[in-house]
Amino acid sequence: MATNEEKLSKFNQAIHHYAEEQRRKIEEEVAKFKEKELNEAEDEVLLEAYQLIQKEMAQMRSNITKEMAHREMDKRRELLEKRREIMDKIFAQAADKLREFTKSSEYAGWMDSHCRQLAGVFTAPGTVLHVRPEDTAMKDTLIRSFGTQCQVEGDQEIQLGGIRAQNLTMGLVADMTLDALLENQQEWFEETSGLQVR
1 MATNEEKLSK
11 FNQAIHHYAE
21 EQRRKIEEEV
31 AKFKEKELNE
41 AEDEVLLEAY
51 QLIQKEMAQM
61 RSNITKEMAH
71 REMDKRRELL
81 EKRREIMDKI
91 FAQAADKLRE
101 FTKSSEYAGW
111 MDSHCRQLAG
121 VFTAPGTVLH
131 VRPEDTAMKD
141 TLIRSFGTQC
151 QVEGDQEIQL
161 GGIRAQNLTM
171 GLVADMTLDA
181 LLENQQEWFE
191 ETSGLQVR
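Numbering (our numbering), first residue to last: 1 to 198.
None of these hints come from the bench; they were simulated from the model.
Errors might be hidden in some of the hints.
[Said to hold, decoys possible] Here are the simulated SDA-like cross-link-like pairs (lysine to any residue), alpha carbons at most 20 Å apart as the crow flies:
#1 Lys36 to Glu20
#2 Lys139 to Asn167
#3 Lys89 to Leu79
#4 Lys139 to Gln166
#5 Lys97 to Gln166
#6 Lys103 to Pro125
#7 Lys89 to Glu100
#8 Lys139 to Gln149
#9 Lys89 to Asn184
#10 Lys103 to Phe91
#11 Lys10 to Ile26
#12 Lys139 to Pro125
#13 Lys25 to Ala41
#14 Lys32 to Glu48
#15 Lys97 to Glu183
#16 Lys89 to Phe101
#17 Lys97 to Trp188
[Said to hold, decoys possible] Distance windows between CB atoms, simulated:
#18 Glu106 to Thr148: 21 to 31 Å
#19 Asp74 to Glu35: 48 to 58 Å
#20 Arg83 to Ser62: 29 to 39 Å
#21 Gly109 to Arg71: 51 to 61 Å
Glycine residues also receive a C-beta, built at the ideal position from the N, C-alpha and C atoms.
Produce the complete structure using the sequences and hints provided.
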């Protein structure tokens, strides 16, 4: 039979063993809890970092898109200005050629021909032929070419030459000025020159 001391020693050992077992279980639970909490915190931090990265990338994409749109608009504006410069230069040269034409002997024949064409349309009396002030020197010739009663008046708005006929009775105006003919060519030039900006 075991003595009280042995029983007490065994009881102490059993309590000590039980306490050790409980301590080990608690430590394991604490370790598992810490690991779980750490994993959850890590997942949360990773999710927040991912969301932040996505937000920053979206912002960067937006900024890049805006920057590219601004650059494209700037380049388009530059191209449009360059196209306008080229067109202005070409049409200024064409205007110079037309001014040279008005100084040639062929200009009087051109005016005569157009005056006759206008006479076929403006058949009622009261037609006024508007010409540039320099061309009023051809007044008598133009009246003869027109063939019916008309007036010839100088018009400061006509810079290059030609005739603009007007008959208030008929309600007609026909612009055969070199100014109008040149201006009408600008739209055709824009369509066919290959200088379009897209």
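Notebook entry, point to check: Can you give the numbers of the hints that this structure goes against, from lowest to highest?
Noted result: 1, 5, 6, 11, 13, 14
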